[in-house]
Amino acid sequence: GALVYQYPRRTICKSGTSMRMECQAVGFQATSVAWYRQSPQKTFELIALSTVNSAIKYEQNFTQEKFPISHPNLSFSSMTVLNAYLEDRGLYLCGAYWVNYAEQFFGPGTRLTVL
Amino acid sequence: GDQVEQSPSALSLHEGTGSALRCNFTTTMRAVQWFQQNSRGSLINLFYLASGTKENGRLKSTFNSKESYSTLHIRDAQLEDSGTYFCAAEATGGNNKLTFGQGTVLSVIP
Numbered sequence: 001g002a003l004v005y006q007y008p009r010r011t012i013c014k015s016g017t018s019m020r021m022e023c024q025a026v027g028f029q030a031t032s033v034a035w036y037r038q039s040p041q042k043t044f045e046l047i048a049l050s051t052v053n054s055a056i057k058y059e060q061n062f063t064q065e066k067f068p069i070s071h072p073n074l075s076f077s078s079m080t081v082l083n084a085y086l087e088d089r090g091l092y093l094c095g096a097y098w099v100n101y102a103e104q105f106f107g108p109g110t111r112l113t114v115l
Numbered sequence: 001g002d003q004v005e006q007s008p009s010a011l012s013l014h015e016g017t018g019s020a021l022r023c024n025f026t027t028t029m030r031a032v033q034w035f036q037q038n039s040r041g042s043l044i045n046l047f048y049l050a051s052g053t054k055e056n057g058r059l060k061s062t063f064n065s066k067e068s069y070s071t072l073h074i075r076d077a078q079l080e081d082s083g084t085y086f087c088a089a090e091a092t093g094g095n096n097k098l099t100f101g102q103g104t105v106l107s108v109i110p
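Residue numbers (the numbering used here), protein chains in the order written: chain A, 1 to 115; chain B, 1 to 110.
Bear in mind the hints are in silico, worked out from the structure with no lab data behind them. Among the clues, some could well be false.
Stated by the list, open to error - Just a few of them, taken from the derived set where beta-carbon distance is under 10 Å, the chain B residues facing chain A: (1) P8; (2) L11; (3) I44; (4) K97; (5) L98.
Said to hold, decoys possible - Taking lysine to aspartate or glutamate pairs in the EDC-like style, the calculated list, with each CA pair at most 20 Å apart, reads: (6) A:K42 / B:D81; (7) A:K42 / B:E67; (8) A:K14 / A:E65.
Each residue gets a CB set at the ideal place from its N, CA and C atoms; glycine is no exception.
Taking the hints into account, I'd like the entire structure generated from these sequences.
Right under this line is the structure:
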């Protein structure tokens with residue numbers, strides 16, 4: 001079956017520091033990965049859509065300078081939260097899918113706490 | 001504005017009973033997914049629909065693109081069904097961007 005792993009599962013960082021999170025697809029080829037953030041109030045925001053061998057598309061209010069993403073192959077993607085502050089707290093989820101117009105499979109998320 | 005309106009926001013069910021969750025869309029959606037989010041935050045895939053109805057055990061989901069809604073029916077609710085349920089839909093031409101509903105917190109009571 002299609003599985004998506006994320007690590008770390010949770011992390012705490014000091015305000016102004018950075019942290020990197022990883023997403024790995026197992027059992028299928030993740031040609032595309034979408035990174036979302038779920039706020040403490042449970043709302044979801046799409047950060048960016050990444051497709052192998054294509055430019056990464058960031059949503060409004062999210063930038064490559066703040067959330068650089070790497071998607072080097074069909075099973076792995078990583079995202080870094082640079083210079084994290086309180087408003088960056090939340091659960092970061094990656095949704096991976098094989099081709100366009102296909103079901104997305106999500107990892108368990110990386111929960112970021114900023115002190 | 002919000003493209004996905006999910007209701008109810010909270011629901012309590014006694015074991016063995018059932019109910020329905022609904023998502024209304026304010027724009028034309030190409031497909032919808034339903035998830036259960038457990039207490040650890042994991043999103044569990046329940047259904048993926050481009051049209052019609054699918055059933056899996058005690059769950060059934062319908063997606064009507066023309067009338068812009070999707071439903072998730074739960075019957076014979078069990079304690080382990082407790083959690084937060086989300087619909088997420090992809091707009092036509094939306095390049096696989098999922099827009100999530102606000103979630104329904106389901107509590108199943110013994």
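Evaluation of the provided hints:
The criterion of a C-beta within 10 Å of any C-beta in chain A is not met by B:P8, whose closest approach is roughly 14 Å, and the hint is violated. Given hint, B:L11 at the interface with chain A, is violated; its Cβ is 15 Å from that chain's nearest Cβ, farther than 10 Å. The beta carbon of B:I44 is positioned within 10 Å of a beta carbon in chain A (closest approach about 9 Å), and the interface hint is therefore held. Taking 10 Å as the C-beta cut-off, the interface hint given for B:K97 holds, the closest approach to chain A being about 6 Å.
This hint holds: B:L98 has a C-beta 6 Å from the nearest C-beta of chain A, less than the 10 Å allowed. With a CA separation close to 18 Å, the supplied pair A:K42 and B:D81 stays within the 20 Å bound. With a C-alpha separation of about 27 Å, the suggested pairing of A:K42 with B:E67 is violated against the 20 Å cut-off. For the proposed pair A:K14 and A:E65, the alpha carbon gap of about 19 Å is at most 20 Å, so the pair holds.
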